[in-house]
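Once you have looked at the hints, place chain B on chain A.
As a plain string of letters, each chain reads:
There are 2 protein chains.
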Amino acid sequence: MPDRSTFLNHIAYDSVIIGFSGDKLKILLMEYHNTGLFALPGGFVGVNEDLNDAARRGLEERTGLTHIYLEQFYTFGNVSRHQPETMYTILKANGVDDREHWLLGRFISVAYYALINYKNVVPQPDALSDSCTWYSIDELPELIFEHSAIVNKAIETLRANLDRKLVGMNLLPEKFTMKDLQQVYEAILGKKLHRTAFQREMLGSGMLIRHDKQYNGKAHKAPFLYSFRERTLNQTG
Amino acid sequence: MPDRSTFLNHIAYDSVIIGFSGDKLKILLMEYHNTGLFALPGGFVGVNEDLNDAARRGLEERTGLTHIYLEQFYTFGNVSRHQPETMYTILKANGVDDREHWLLGRFISVAYYALINYKNVVPQPDALSDSCTWYSIDELPELIFEHSAIVNKAIETLRANLDRKLVGMNLLPEKFTMKDLQQVYEAILGKKLHRTAFQREMLGSGMLIRHDKQYNGKAHKAPFLYSFRERTLNQTG
Numbered sequence: 001m002p003d004r005s006t007f008l009n010h011i012a013y014d015s016v017i018i019g020f021s022g023d024k025l026k027i028l029l030m031e032y033h034n035t036g037l038f039a040l041p042g043g044f045v046g047v048n049e050d051l052n053d054a055a056r057r058g059l060e061e062r063t064g065l066t067h068i069y070l071e072q073f074y075t076f077g078n079v080s081r082h083q084p085e086t087m088y089t090i091l092k093a094n095g096v097d098d099r100e101h102w103l104l105g106r107f108i109s110v111a112y113y114a115l116i117n118y119k120n121v122v123p124q125p126d127a128l129s130d131s132c133t134w135y136s137i138d139e140l141p142e143l144i145f146e147h148s149a150i151v152n153k154a155i156e157t158l159r160a161n162l163d164r165k166l167v168g169m170n171l172l173p174e175k176f177t178m179k180d181l182q183q184v185y186e187a188i189l190g191k192k193l194h195r196t197a198f199q200r201e202m203l204g205s206g207m208l209i210r211h212d213k214q215y216n217g218k219a220h221k222a223p224f225l226y227s228f229r230e231r232t233l234n235q236t237g
Numbered sequence: 001m002p003d004r005s006t007f008l009n010h011i012a013y014d015s016v017i018i019g020f021s022g023d024k025l026k027i028l029l030m031e032y033h034n035t036g037l038f039a040l041p042g043g044f045v046g047v048n049e050d051l052n053d054a055a056r057r058g059l060e061e062r063t064g065l066t067h068i069y070l071e072q073f074y075t076f077g078n079v080s081r082h083q084p085e086t087m088y089t090i091l092k093a094n095g096v097d098d099r100e101h102w103l104l105g106r107f108i109s110v111a112y113y114a115l116i117n118y119k120n121v122v123p124q125p126d127a128l129s130d131s132c133t134w135y136s137i138d139e140l141p142e143l144i145f146e147h148s149a150i151v152n153k154a155i156e157t158l159r160a161n162l163d164r165k166l167v168g169m170n171l172l173p174e175k176f177t178m179k180d181l182q183q184v185y186e187a188i189l190g191k192k193l194h195r196t197a198f199q200r201e202m203l204g205s206g207m208l209i210r211h212d213k214q215y216n217g218k219a220h221k222a223p224f225l226y227s228f229r230e231r232t233l234n235q236t237g
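Protein chains in written order, with the numbering used here: chain A, 1 to 237; chain B, 1 to 237.
Just chain A, with the same shape it has in the complex (with noise of 0.2 Å):
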């Protein structure tokens, strides 16, 4: 269990790893030994630690992912996060039996996440916890805390980012298809899109810019390849 001298109180971080692979969004989800309980994955800040960096280093030890641009979403802070009996019976089925213990105190969690292709990571449990799986969006489990409220309000962010977020995470080549915008905003916003009216929106918002179809003996049926346009103003001068 984590030591109180060597990590700085009431301050936590939780992340949602956003799984995508051109189908349903997917949470990674750690489960507590010998307890039925279920956590996103998180952790605490070391005294002589920054914050992000803390969250960083959090995430590879509790679920071996390496190489996550994590980020900062919302701090969650309400007085009905804090439930010492839960922390009691996560530390209880570890073999820590302490009424006392500084974990069971109150703490605030800054919330990040991440989007990435869940077929490129496999996760790899801590000791503390019997799994580390991915589940699907729509069929989670209970967690613990507000845990839940945090994954929702991730999801919120990310619908509200998308077109700012899907090349930097990854999710879309630096050029790519309308079928394939397509397919990604449909897994992000969870519903199916109508393929005429997202072409007429995509075009429509001035946020894509259409490359030259490269010649390649078909190039009468090969698609236009677009990719995302700065989003600027024109500036005077």
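If you're looking for bench data, these hints aren't it; they were derived computationally from the structure. Ideal placement from N, C-alpha and C gives every residue a C-beta, glycine not left out. Honestly, I wouldn't trust all of these hints.
[Said to hold, decoys possible] Not close to chain B: a few residues of chain A, all C-beta gaps over 12 Å, as computed: (1) Pro2; (2) Leu25; (3) Leu51; (4) Ser109; (5) Gln124; (6) Thr177; (7) Leu225; (8) Ser227.
[To be verified] Computed list of chain A residues with no C-beta within reach of chain B, every gap over 10 Å: (9) Asn48; (10) Gln72; (11) Gln83; (12) Arg106; (13) Ser136; (14) Asp138; (15) Pro173; (16) Asp180; (17) Glu201; (18) Pro223.
[Claimed, not checked] Covered, in the sense of this in silico footprint (three residues per stretch, anywhere, with C-beta under 8 Å from a C-beta of chain A), are these stretches of chain B: (19) 6 to 13; (20) 44 to 50; (21) 68 to 78; (22) 102 to 111; (23) 147 to 153.
Relative to chain A, chain B alone:
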């Protein structure tokens, strides 16, 4: 000075209150008594208080501003923000000469911003501060800790979410003219924009709805009124 048993250790918040009144943006800053130190208004989280409630209460206590819609945008947690000498100077100027004071420890800071029309509000400093004043964004004094970086990130966040924030933040009425809209964009982006290019880009973006002119006897001279369209994607069915 805040009492250790009343507040969560290691957690603070700071608010970037951005004022607008048709011209340049301004930021609300506190100056601490007899120190020459400037800072964002901030505070600490009560042991039985929700984080977001604490930020609202703290803003009210320190500046007298009430009913401000604060939006959380980032949590700053680098080790380098821990500068106990600066905090000791503030404590000492307030008659607290204690090298073991809990406020000399390391804090992470949850940062909030609000965008308001500063002509509507008169800030009132609290007892700790000798002033609580608006400063133009391009004439800010040096700030303690990494508060300048917090201001910059708030402005960056505001710019990135401009279209979704304007109406919600009451800087524009529900319906507005193209000239109103351009004026707000210019203030927030900090640069002049070409009228025709701005109009073309706004209309091309699909984010505006144009409304009928209301007959007022000089209808042929009245400018068109617009409102923001909700961002949606066409759904199947």
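For each hint, the structure was consulted:
{"no.": "1", "hint": "Pro2", "result": "holds, 15 Å"}
{"no.": "2", "hint": "Leu25", "result": "holds, 16 Å"}
{"no.": "3", "hint": "Leu51", "result": "violated, 3 Å"}
{"no.": "4", "hint": "Ser109", "result": "violated, 10 Å"}
{"no.": "5", "hint": "Gln124", "result": "holds, 27 Å"}
{"no.": "6", "hint": "Thr177", "result": "holds, 18 Å"}
{"no.": "7", "hint": "Leu225", "result": "holds, 21 Å"}
{"no.": "8", "hint": "Ser227", "result": "holds, 18 Å"}
{"no.": "9", "hint": "Asn48", "result": "violated, 6 Å"}
{"no.": "10", "hint": "Gln72", "result": "violated, 6 Å"}
{"no.": "11", "hint": "Gln83", "result": "holds, 15 Å"}
{"no.": "12", "hint": "Arg106", "result": "violated, 7 Å"}
{"no.": "13", "hint": "Ser136", "result": "holds, 20 Å"}
{"no.": "14", "hint": "Asp138", "result": "holds, 17 Å"}
{"no.": "15", "hint": "Pro173", "result": "holds, 22 Å"}
{"no.": "16", "hint": "Asp180", "result": "holds, 16 Å"}
{"no.": "17", "hint": "Glu201", "result": "violated, 6 Å"}
{"no.": "18", "hint": "Pro223", "result": "holds, 20 Å"}
{"no.": "19", "hint": "6 to 13", "result": "holds (count 4)"}
{"no.": "20", "hint": "44 to 50", "result": "holds (count 5)"}
{"no.": "21", "hint": "68 to 78", "result": "holds (count 6)"}
{"no.": "22", "hint": "102 to 111", "result": "holds (count 3)"}
{"no.": "23", "hint": "147 to 153", "result": "violated (count 0)"}
In summary, the numbered hints that this structure violates are 3, 4, 9, 10, 12, 17, 23.
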